[in-house]
Amino acid sequence: MSPSTGRQSGARELVRIIVDPDAKARPRTEAIEAATTIATTRPTLMDALLRTVTDRTSPVTVRRAALRALQVNRFRTSAFAPFQPRYFESLRAIATDTDEELRASALETLAANGDEYGQRLLVEGLRDSTVALVDPAHAVGMLGADIHGQDFTLLRELARSQDKTTRRSALRVLAADTGSVALFRKIARDKNEDRVARATSAVALQALAPRTFKKVAEEVALDERDHPEIRATLLNALAHDVNVKPSARLREQLPALDAAPAQVRAAAKLVADREAER
Amino acid sequence: MHRDRSTATTARLRGWVLAAFADVGLPAGARPFVLEELATSREPHLVAAAARATRGASHPDDDLADALVDALERTHERDDTVTFEALAPTWPTRSPTTATTELLDALLAMEPTPPTALPGLRAVLTRHGRPSPARHHIARAIRDLEARQPATPHCCSPAPEPPENADDSADAVFARSVDLSLGLEDQHGAKLTVGDLLREPLTLVAFFYTRCPNPEKCSATITKLARIESILGPGIGIAAVTYDPGYDTAPRLRAYGEARGIQFGPSTRLVRCPHDHDDLARTFGLRVGYNGSVVNRHAIELHLVAADGRIIETWARIPWDPTTVAATARRYLTPEDHTATTT
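Here the protein sequences line up with chains A and B, keeping their order. Quick note on numbering: the first sequence equals residues 1 to 278 in my numbering. Quick note on numbering: the second sequence equals residues 1 to 343 in my numbering.
Hints are not guaranteed to be accurate.
Quick list of in silico lysine-lysine cross-link-like pairs, DSS-like style, CA-CA up to 27 Å [unchecked claim]:
no., chain 1, residue 1, chain 2, residue 2
1, A, K245, A, K215
2, A, K245, A, K186
3, B, K191, A, K215
4, A, K191, A, K164
5, A, K269, A, K215
6, A, K269, B, K191
In short, the hints are calculated from the structure, not lab data.
Produce the entire structure from the sequences given, and follow the hints as far as they go.
Spelled out as structure tokens, the structure:
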């Protein structure tokens, strides 16, 4: 048998096992793993993977393996291109699957690619929890992969959520929205706020409104009653910000921070060292 | 219609309307929008919709055929399954199609076949190296076209009908004049007015934003402006205004321009209009939509503006060529008095 014929019969056998409804899950997943490295060179193997991932009669472990194999092969961009239309069609088909892992994986890829259907499903789930396909924080994070896919009004509502994880996720995604500068300023300055939310808000402010960030950062950094870790975070951000120069007031007050908690002192030293380099 | 909608939703709505032209006929005024999507869109849904729309054209012509073939080439590694089954489809869908399928079907639907279609398709096929459904489909389309007996010799295509009341018409832009008092900030943070920006007798003014995800639009626009800058030399100003004044601060403008070869100077600037952006958008008739503060879609647009704020010429929707634009700009400068030609 020629090597080419041998390879073809090997691929045929792998296809046979992958799609065999009577085979046990383990040999099928093993066949999928064996097929992964050669799939894009064998259209029949790609076809088998694409059929399997959407086949709800197949064991879920087999379907997950097929999806993983497709995701790996997608990195071979040119070789994968002919299969891309069916791949995305398959992802949309499993975006509402009963298996949470399959639908989360599908939605993540769809959202990251700016897919209208995937984004629509996620937003619908955020608006109505009875149709949510993934938890809210996860949905917000997935939508955050595409700044052009946002519903900023909805995100600002979620930024008021009682659930900390959802709230933090919404704030991270709102960092793309110049309309949220006032919100970020308010949160960053508020000592009673969740510290992660404050740090997230400060980072967003730094990107969206550097001059406003500078004022807030200096105010918080010099406030002895504020949390040391937040003070240090903002001082560190100031030290590394190439676009804003610390004010004269901050520069004068830096020596007084020698008496501050250790992390604040260390961050203040970074600011001082950078000023010395100018 | 597009306000406060995501880019993807905007594309879905737009595609739905474009695809409908296949059934109701493609009016001349809609033709620039179809050509725009075929020339620049990276979204298979919109490319497919624009391809469908061409089937509503009363006369097939070389420009449409060329646009379809070019789009086929660009779709090669970016295709997707799309559907026009419903305005908000669910999946799996009963009527899937792809951008490649729609482009080829549109070419096959042209009667008589424009003469550039077959050579264009053959060139695309040679670049599709690997066997694939798309390659097979293109090969089949070529065979179908080769097998056709032309009904009449095709010596030339009828000229496209001029647009009726389209906002891209020359009459519309000649009527527009920009408010010179509007405040701007340039890539170095310097404050100036529109009047200051238009310090030369003529200035080429493009629009862009740094967060644009389509490299064939904004990134290409600024890169081409840098090219025009090197062609023209002094005498004609070069400017680009961001659609995203809240986000595109001076450092971002500077980095974006430098990375694309812009040589900044008093007559070459990237600017934002931080306080009067809505007024600026109105006077230029900007072709842009917003989802909150983020741009959700925009056209390519470049304007030639006189020092008194009159918009002399506009290139919109279709990618423009730097050499052609530079030549047009030079023609408006008269050697006698270095002032822009008045109409």
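When the hints from earlier in the document are held up against this structure, which numbers fail?
6
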